[in-house]
Amino acid sequence: MLETIGVRSIEDLLVDIPQSLRLESLSLPDGLSEFETMVQVKALAERNRVFPDRLTFRGGGVYRRFIPAAVAAVTSKPEFYTAYTPYQAEASQGTLQAIFEYQTLIAELTALDVSNASLYDGATAVAEAAMMAHVHNGRDEVVVSGYVHPEYVQVLRAFGEGRGIKVRTKGEPTKKTAAVIFQQPDFLGLLVDARATTTAAHDVGALAIACVDPISLAILAPPGEYGADIAVGEGQQLGLAPSYGGPHVGFIACKKELVRKLPGRLVGTAHDAQGRRGFVLALAAREQHIRREKATSNICTNHSLCALAAAVYLTYMGPYGLKQVAEVSFKRAHVLADRLARLPGWELAFPERQFLNEFPIRAPKSSAVVRKLARKGILGGLDVSRWFRELKGVLTFTCTEVNDARALDELVIALES
Amino acid sequence: MTEPLSFELSRPSVDPPRLPDPEVSGPAPSDVLPREVLRSRPPGLPRLSEPEIMRHYSRMASLNYSISENFYPLGSCTMKYNPVANEAAAALPGFAGLHPYQDEESVQGALELMWRLEQALCAIVGVDRVTLQPAAGAHGEWTALRMIRAYQHSKGEPRTEVLVPDSAHGTNPASAALSGFQVVEVLSGADGRISLADLESKLSPRTSALMLTNPNTLGLFEREILDIAELVHSTGAMLYYDGANLNAFMGICRPGDMGFDAVHMNLHKTFTTPHGGGGPGAGPVGVKAELVPFLPSPTVERKNGHLALDFKRPQSIGRVRSFYGNFGMLVRAYTYILAMGGDGLSQASQDAVLSANYLRKLVEGDLEMPHEGPCMHEFVASAAHLNHEDGVRALDIAKALLDRRFYAPTVYFPLVVPEAIMVEPTETESKATLEAFAQAVKEIVAQARSNPQALHEEPRHLPVGRLDEVAAARRINAYLQGQSEDPVLRWTAPAESAS
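Chains as they are written, first to last, in the numbering used here: chain A, -6 to 410; chain B, 577 to 1075.
Here chain B stands alone, though its shape is the one from the complex (with noise of 0.2 Å):
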């Protein structure tokens, strides 16, 4: 049931696609150009015809999971429905045909949809400014860092270290490290929630920001965030939302009332821009007042029902990206939004919120539950008492459920759970898909204690089994080290045989 490879379907044979003829008598390439400045033979591109194309990527798509047919339990990645009306909003010529370089009189109707695209996050979010430009939760997470970099350096502060707590989305401490910080871990207390007693031991005069998300990374609120902001701004430090699980409270709080000076929003999360199969993203930053002047240039301006980009920006951090973002997310975000409207966006957090309420109740009897709920939009659970009794692990519980037609929770994460499996139903599954995966996980559990080789051997339906990463990594190593021809990380041709 695997596909061949674009490059093992070419044959020579084929013809290039009918394509538009010069129609014009000027030169060609090699006429004008010096040989040196030529290619010297065609790249390696496979010759297929269209039909075989067509088939080849439609086989492919079939060997996928995806939401528009598979439950997507994945937690910290909010796997919602995408409304097909977002694609069409996107694709429309007066959208998708426009040139970044146009005149601004010319594109008004995009201006203003980032204009109240950025209202509308400030609202949900409670920000005063939203930048549209970064393009994926992790660049918006970086951005956000720069700025309040650049608002410390304004007031003479050169503030060196950034707070990230041990439960913490990898992407934290990396941005912060991009950043040009030094990453210092705060840890978890026992119910899973920052504690309070290490954040003040780690808080000092170089703290320049504390990245939180909340609710946190195992699905629970952060009781004490008022205390927390109010410990973090004493100090003098800002403190940073990592909008990852911001799905969990749209309309029933704002990251902006509690104390957040930096927020950032993942649209193909929380807003239902598809995830591509690893994207395009969009990743928002909305930011306080005393922020705004670093925001990323440029800005979109409305002034008497004109909309402007605004370049004169002095203090600005600059540019995180091309033009003025991934435009075509900011239609389908907003595509959302207004269908939603405020009340929709209330009911689909609150939703979110019973559903994994009732999934976590209907697993709490076949897995662990190492901390206590309820919790918000998502619960970790935990595999340990299993891989003590009889070897199953997290793993191989996500390989059964595979086998069952579900994509896997995020297994291993966060990493201050063993055994971790996180799972994030989000208020797209009925009632019956979510008693239909905990009967799945109950029957694996059940088959953990009888019979645990055979989940070693999952899954079993599925195009390949489980593929041995760690012989691919060996094979890689040996030919970055020039023990070998074979690339791994791309396809060569087979050497020409004798014939």
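Same shape as in the complex, but just chain A (with noise of 0.2 Å):
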């Protein structure tokens, strides 16, 4: 190869590099087989603690469900996982198609026009939803209402700074605000009047932007019904591992109205000169690889692979089974906060509100409680007082189809020794 380029060494290929920035090698060890690396991997991976599924009662923005077989079967085709973003058309139909399938899926759910190809998680999703409505209205102030996701304000805060966007966590909107965000269900898991925080949004001319559960929104009504203007949420819980944060999937839907701000990638249906259906990549003159700094997003690698995981989730689902699942976390994270409700100094935190499958209850000494649980093997509530200050004391508990009637006689056993 080296005759062929008419070089002698390597060497001959970088002289451009000046001699004063050579190395002479990585301080870095040598590489292993194989067998040595997993061996070292394993061992990391064995120092971590993993709490049984059916144990698992914390959730605070990522949970544990079942998970078809399905979905790790599709998503481990190396057609899918090894191809790029499907710039070349004729030959990524079937990320392209997955895509689109994705995307139909999240309307749906969403009860809104279109989505997006997927964002990189709940916490961005947001923001970039913010960004939407600045741009949309041209307004530099966001009203948080209620108590959503913590760490999703902290991204929004950390956005909504390089682009000047002020983010308000107390007080109604104004003139002044670009749009009103709200969780359903919170993320203490209560449900909020999306309704009523929608139209007090459209009042004073803000967009509304509902934070959404994606299994919840099989029973709730969702955002296009009650007339929120974006709709977006994590959606790890359609088929993703927690896998300790990430990846998972930010989605993001919109009325029609909105569709030139929507960040990211989009895919539309076109046809060839035969006439045969196909798909690719659409409305690009919102991208940054064409519109560069006046793109509505930077956004350019995303999260297809998760957005497919998703897909197969939902198509293995299906309507009823989706509704399905919701019902029986539903059902027994009722029957577990009466439980917990009535252990001695225990108290549901806000008893006049309605939830689903996530609560807020006071435990008297709740870090000890949980420490307690962990000794036995489970994960109990969030505390979530480390992000709110008001809720001293306050666990949340989350249960869902993986939390078997036996799983929650072992929680209550636990807490009554």
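These aren't lab readings, by the way, just hints derived from the structure by calculation. It is possible that some hints are incorrect.
Simulated coverage check for chain A against chain B, where a stretch passes if three residues somewhere in it have a Cβ under 8 Å from a Cβ of chain B [as the list claims (entries may be wrong)]:
#, region
1, 90 to 101
2, 161 to 174
3, 283 to 296
Here are some chain A residues the structure puts well away from chain B; computed CB gaps all over 12 Å [stated by the list, open to error]:
#, residue
4, S69
5, A193
6, R269
7, V318
8, P357
9, K358
Quantities reported herein were computed from a predicted structural model and do not represent experimental measurements. Beta carbons: idealized from backbone N, C-alpha and C, even for Gly.
Using the hints, put the two standalone chains together into the complex.
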């Protein structure tokens, strides 16, 4: 090869690099066999403690759910996971069609017109939605209403600072407000009055951004039904492992009027000369590789494979399977809430409020309770006072279809002992 | 050979999958919740059986080109082989099963992995600390610029401009704008490298940073990088490294030594985490000491062998995504680095440079080479000569390559080269593959001269022919303007027929 190139050594190909910059070698150990590599990696994995699905009662944005084997069987197909962003449409129809189906599934779930191909996570989806509102109406303040996931709000603040957008977490929206952001159910698991919040936003000319739990949409009124302009959320529950927080997937869908401000990839149908239907990246003029500094977002690589997992999950469940998942979780969480509230000294933090499958409860010596549960192999409730001082002693417990009746018994017995 | 949509395959008679019984006699949502809170009709998800689903997705998979099956010389994207051991590592229950809000004590192995990965990346690029939080390259660019801005503000210097070369990736100016900067373009000289004179004329006390990738997007090493760094630093501005092209020189040289103050890396390029058809990736950012206080929160700290997440970072730019980044991708990249070692990574970069120069040599008689070699890990050719003679464009060559079972190079980028064809073979490819690709290019160029019309009709052997994107855009416009019911961007049920 060197001879064909016409040089004597690799060194001759590196002549443009100043000598003073050249390294002798990297200060890293030498390579290992696959066997030795995996021994080391497994040793790290084994230093972590994994709580069984059925004994995990902690949520806070990441949930244990039953994941059908079909999901991994599809996402581990190398034709999907080793392809690039589908720039050459004719050789990428599998990925493009999968994204198109995902977009349709999200649009159906949220009852909005158009979904994009995916974003990084729920937090950046909230931030991107706020940017859309800012670009749409030129206002530079967003109001966060109620208990929205604290990490989402932190990311929103970081994004907002770059764009000069102020984030307000108290008070009502005004004529200066670009958007009102709320979470349904909220970070504590409680239902909020999504209709009233949406109306309050619209009354001052602001957009309403609903951050929603995708599985809840099998039973709850979807954002499009109550008039929200943009729906966003975290899609981890749709077939993705907790994986210490990622990779998961952010989804975003909006009304037709806002489509040109949507960040990221969009796939649409197109036809070839013979009239065959295919799929292409569409409306690219919004994006960074065409519009550069005028782009609606800088996003390029998104979370396509996670969106594929979500598409397989939703297709597997279908409308009635998804509803069953939501209902089983609902029933179990309500039974659990009832039983925990009867423990001495325990009381629901907001007894007058409705919830689905996660709820806040005040526990005596809450941190000791969580430690005790861990000793018994149970991942207990999440101490939310680390973000909200007013919620001292409040834990949120979550229940899904993976927490069987016996697991509920084990939890209660552990707490009684 | 196209596949119907899942929605078109859906049959109302398909029962939902069997799911766990509630086992408890709790209330149903409709027993407790007011009607206006409930969904009025079920979402329009398809109804398919598991075998139908598996066949549907298997058929779709067969419509894709991928690294596992095809040479994928997509310039700037570093499409190298993704070792399957990476996948096995990320799937280990000890990683995949971790909840992000577990106590630190119970995730020491995960934190140790993050710590070790950070150390390895510091060694590879020559920086003091790395944040693993950004989810992708563009996210990393933005994170780095936010840190640079925060640092300069802390010194009472609200600098407002970011310089970006005309050959830069589109994400650079987009990230700069989203970070609150004005974008100023710096021109390339005739040799394809940044023009020092133009750079000097654009630097001012307003300049916050210069964003640069090296080798640049033409695959050329910025020979004057040390002068560039000195010039930029002399005005008090910072130098930012776009790590898209890091695969060119691991173990050969380091951005940190060149004078870069902040560096992002694409784990999904250089460190073999798969692209997934467009993500997830990971875009860690490395910084020199003066930017360390501004790193996103939390960082992973190690004290006496105990690992902890540090949230007490008063000068931090805050949080750039939820939790701790794309942890699963970090596991994959760490596995790769461990297996390759320092020696293997150096070898990989040398092989990547060798492959690119070899392929460049093989095709230089057929395609124009606007800039002199040697190149680093990729090269940019031009099809402008064919366009002039007989109307064949870079796009036609790309489509013709698809028909010959090669994925296409990046075309029309960088913008500074007309009819650009950007080729990055990576260290993965054998000599035989490179030669087969060069032979295909030769045949296509010959055809461009003998029968150009035929090339406009490629590809012919793929599930669909060239798709009419212009017509698609028109249909989307019609929908957005209320002139059509077809949303184009999603499937909708066809209107009920009269029967």
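Hint-by-hint comparison with the structure:
1. 90 to 101: It holds, with 10 qualifying residues against the three required.
2. 161 to 174: violated (count 0)
3. 283 to 296: holds (count 13)
4. S69: S69(A) not clear of chain B: closest Cβ-Cβ about 7 Å, inside 12 Å.
5. A193: holds, 16 Å
6. R269: violated, 5 Å
7. V318: Incorrect as stated: the minimum Cβ-Cβ distance to chain B is 6 Å, not above 12 Å.
8. P357: At about 20 Å from chain B, P357(A) clears the 12 Å cut-off, so the statement holds.
9. K358: Its Cβ never comes within 12 Å of chain B, the nearest being 16 Å, so this holds.
Of the numbered hints listed earlier, those contradicted by the structure are 2, 4, 6 and 7.
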